[in-house]
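K.L.:
Here is what each chain is made of, one letter per residue.
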Amino acid sequence: MRRVIYALLATTAVALASGPARADTKDMRIAFSNNYAGNSWRQAMLKSYGAVADKAVQDKIIGAADVFTTSDKEVPTQAAQLQNLILQGYNAIVINAASPEALNGAVKQACDAGIVVVSFDGIVTEPCAYRIRVDYRALAAKAMDYLATKLPKGGNLLEIRGVAGTSIDDDFHNGTLDGLKKYPQFKVVNSVEGDWDETTAQKAVSTVLPSLPEIVGVVDQGGDGYGAAQAFQNGGRKQPIIIMGNRQDELAWWVQQKKANGYETWSASSAPGVSTMAFWVAQQVLDGRKDIPHDLVDPYLAFTQDTVDAALPKIPVGGVATIEYSQDDAKKIIDDNMKK
Amino acid sequence: MIASMRRVIAQPWLYSFVGAALVWIAAVTYTGGYGAGGMLSAGIALAAFSVIVGTAQMFVITLGPGNVDLSLPANMGLASAVAMKVMGGCDALVLVGLVAAIASGTTIGIANYLLIRLLRIPPIIATLSASFVVQSIGISYGRGLQVKPPPGFATATTVQIAGVSVMAVVVVVFSVGIGLLLHRTTFGRSVAAIGQNARAARLANIPVERIRALTYALGGALGGLCGALLAGYFQGSSLDIGNEYLLTSIAVVVIGGTSVAGGRANVTGLWGASLFLVMLLTMLNTYGVSAGVRLLVTGLVIIAVIVTAGGPRIAR
Chain L
16 MRRVIYALLA TTAVALASGP ARADTKDMRI AFSNNYAGNS WRQAMLKSYG AVADKAVQDK
76 IIGAADVFTT SDKEVPTQAA QLQNLILQGY NAIVINAASP EALNGAVKQA CDAGIVVVSF
136 DGIVTEPCAY RIRVDYRALA AKAMDYLATK LPKGGNLLEI RGVAGTSIDD DFHNGTLDGL
196 KKYPQFKVVN SVEGDWDETT AQKAVSTVLP SLPEIVGVVD QGGDGYGAAQ AFQNGGRKQP
256 IIIMGNRQDE LAWWVQQKKA NGYETWSASS APGVSTMAFW VAQQVLDGRK DIPHDLVDPY
316 LAFTQDTVDA ALPKIPVGGV ATIEYSQDDA KKIIDDNMKK
Chain E
27 MIASMRRVIA QPWLYSFVGA ALVWIAAVTY TGGYGAGGML SAGIALAAFS VIVGTAQMFV
87 ITLGPGNVDL SLPANMGLAS AVAMKVMGGC DALVLVGLVA AIASGTTIGI ANYLLIRLLR
147 IPPIIATLSA SFVVQSIGIS YGRGLQVKPP PGFATATTVQ IAGVSVMAVV VVVFSVGIGL
207 LLHRTTFGRS VAAIGQNARA ARLANIPVER IRALTYALGG ALGGLCGALL AGYFQGSSLD
267 IGNEYLLTSI AVVVIGGTSV AGGRANVTGL WGASLFLVML LTMLNTYGVS AGVRLLVTGL
327 VIIAVIVTAG GPRIAR
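Residue numbers (the working numbering), protein chains in the order written: chain L, 16 to 355; chain E, 27 to 342.
If you are wondering where the hints come from, they were derived from the structure by calculation, not from laboratory data.
Be aware that one or more of the hints could be misleading.
Straight-line Cα separation of at most 20 Å, SDA-like style, residue types lysine to any residue; simulated pairs [as the list claims (entries may be wrong)]: (1) K111/E x V332/L; (2) K168/L x V203/L; (3) K62/L x S166/E; (4) K111/E x A267/L; (5) K202/L x Y56/E; (6) K88/L x L154/E; (7) K253/L x K274/L; (8) K70/L x D39/L.
Build out the structure end to end from the sequences listed, making use of the hints.
P.N.:
Written out as structure tokens, the structure is:
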């Protein structure tokens, strides 16, 4: 009986979602508040956003979609920027926030002024805002599943952590712990901090590697895989299975190793194009949809041994793999979230 | 004999080498002797970079109180992008790329000096604000992309003979050259003289402003060079490549026995201090401590070293 009700609810949701637009958003304006642009992920994020939002403006779906970037990852700068956007009378603000809590005051002000706030990547905890997250815990657990299928006998793992204190790092770590519980044949022999950065990761792995026994796998958080591979190579070690994170250099190295010696691994990360998902969520809310949950999960983007070759040429050299969502894609993800 | 031993013991740089050795022993003891050589070999390779940046910072700090270059990390980030883009993955253009990186760094150094001199901004603020400008230039120039080095250049920065990084050996030779420049040339002695007492130096007919300009330019140039080398070693340019060198560049100078108040530089100490910091990182990583503990210990150690080693000299 319960299952039937759920099914009915889901069908209703789909029907509602695909129904006609209830409000006209063509005169409405969406601002994008961003706090950093200095790495390949952020650049891809801005590029995807620009492409999708500009097209939406051209197609008269939305009135204006302006991007505002502060450069220094600082909370006060972004808070001041939010105040400005409120005063400028935007209808919605899409935000990649410098802090999950510290911007809540400014976000609340925006909500009180009737502005729709959609946060992604760097999310805000203020309840009135929407949050689009990637389930990194599931991603990390999936990476452990992959290692278990490739290495049924288990062995020693090296863990590379992300920026300490972030929710993303915690999620990844917990996912790895879930996997370790499930597959007790694996043991994490050391854990270093790589900050999602190839330089930091290479340095950390280089310093710790001489003291480690044979490593069969590296569990990491993306952006650090290539640095780890370099450290193993410079240290004269056999390459373990290094989980990759969709950066072009990681995938290029993988493809090259695959050709040379049949190297196998798996790659997954959040797509920078999640910015376009946030854009469409903002547009949908402006369109009058009241049924969208405030916490949305965006599926991560993964590549396997079979899909990596085709994907690599499409990623700009030195960049990161992404997908840009159309309005229909976004609606589908919203519906998937409502079914949960 | 005893007198000469006493002289060696009185050298402030000695402690950094002793410290590095102790930390290395602590790490090796933990692993039961396993990986001792590997740790040393990785440590020496990484220390070479801190030495180059430290040399840049040492010259600037030696100019006297208040002089510091906080734009080095941004400078290195931009230079890494400039070098990799100019080289364009082609081994024939390695020298051109290095020259371009040094030119980019020198320009930033001169810009720093002009901000300090013409607008009369204190160096700490001038170089910090310059670093924001440089970072922005880096973002619009590099678009955050990681450009790979040419294979030959990457090999040159990483290759090891019998476990010793060839680049580190080159940097040792470079350090000897810097030592000569500092202690045996008019320029080097002028830098120290200005640091000891700028007014006295001026009265002694030292072209104080020209030397200061040259020093900031030299510091910038070394930062640029280091950025390019880092991009070779770490297989790709990145605007964040120099981030951790803000604290490191100042820490190696101070731990190495150079006077924070200026006027006294110590090149040998840069090596001891760089090895010490890298070995500390190695040890903490080997122990597998969390990031928070690692930062805490690093900070406390730097404070402790400055208090114990730097104390009497500052009081003087």
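K.L.:
Please go over all the hints and tell whether each is borne out by the structure.
P.N.:
Now for the hints, and whether the structure bears them out:
1. The hinted pair formed by K111/E and V332/L meets the criterion: a straight-line CA distance of about 12 Å does not exceed 20 Å.
2. Proximity of K168/L to V203/L is assessed by CA-CA distance (about 14 Å); at most 20 Å being required, the pair is judged to hold.
3. Note on K62/L and S166/E: the hinted pairing holds, with a Cα-Cα distance of about 13 Å set against a maximum of 20 Å.
4. With a C-alpha separation of about 19 Å, the suggested pairing of K111/E with A267/L holds against the 20 Å cut-off.
5. Restraint check for K202/L and Y56/E: satisfied, since their Cα atoms lie roughly 19 Å apart, inside the 20 Å limit.
6. Pair hint K88/L plus L154/E holds up; C-alpha atoms about 16 Å apart against a cutoff of 20 Å.
7. The suggested pairing of K253/L with K274/L holds, with an alpha-carbon distance near 17 Å, which does not exceed 20 Å.
8. Distance hint between K70/L and D39/L is fulfilled; the C-alpha atoms sit about 17 Å from each other, no more than 20 Å.
When the structure is compared with the earlier hints, no violation turns up for any of them.
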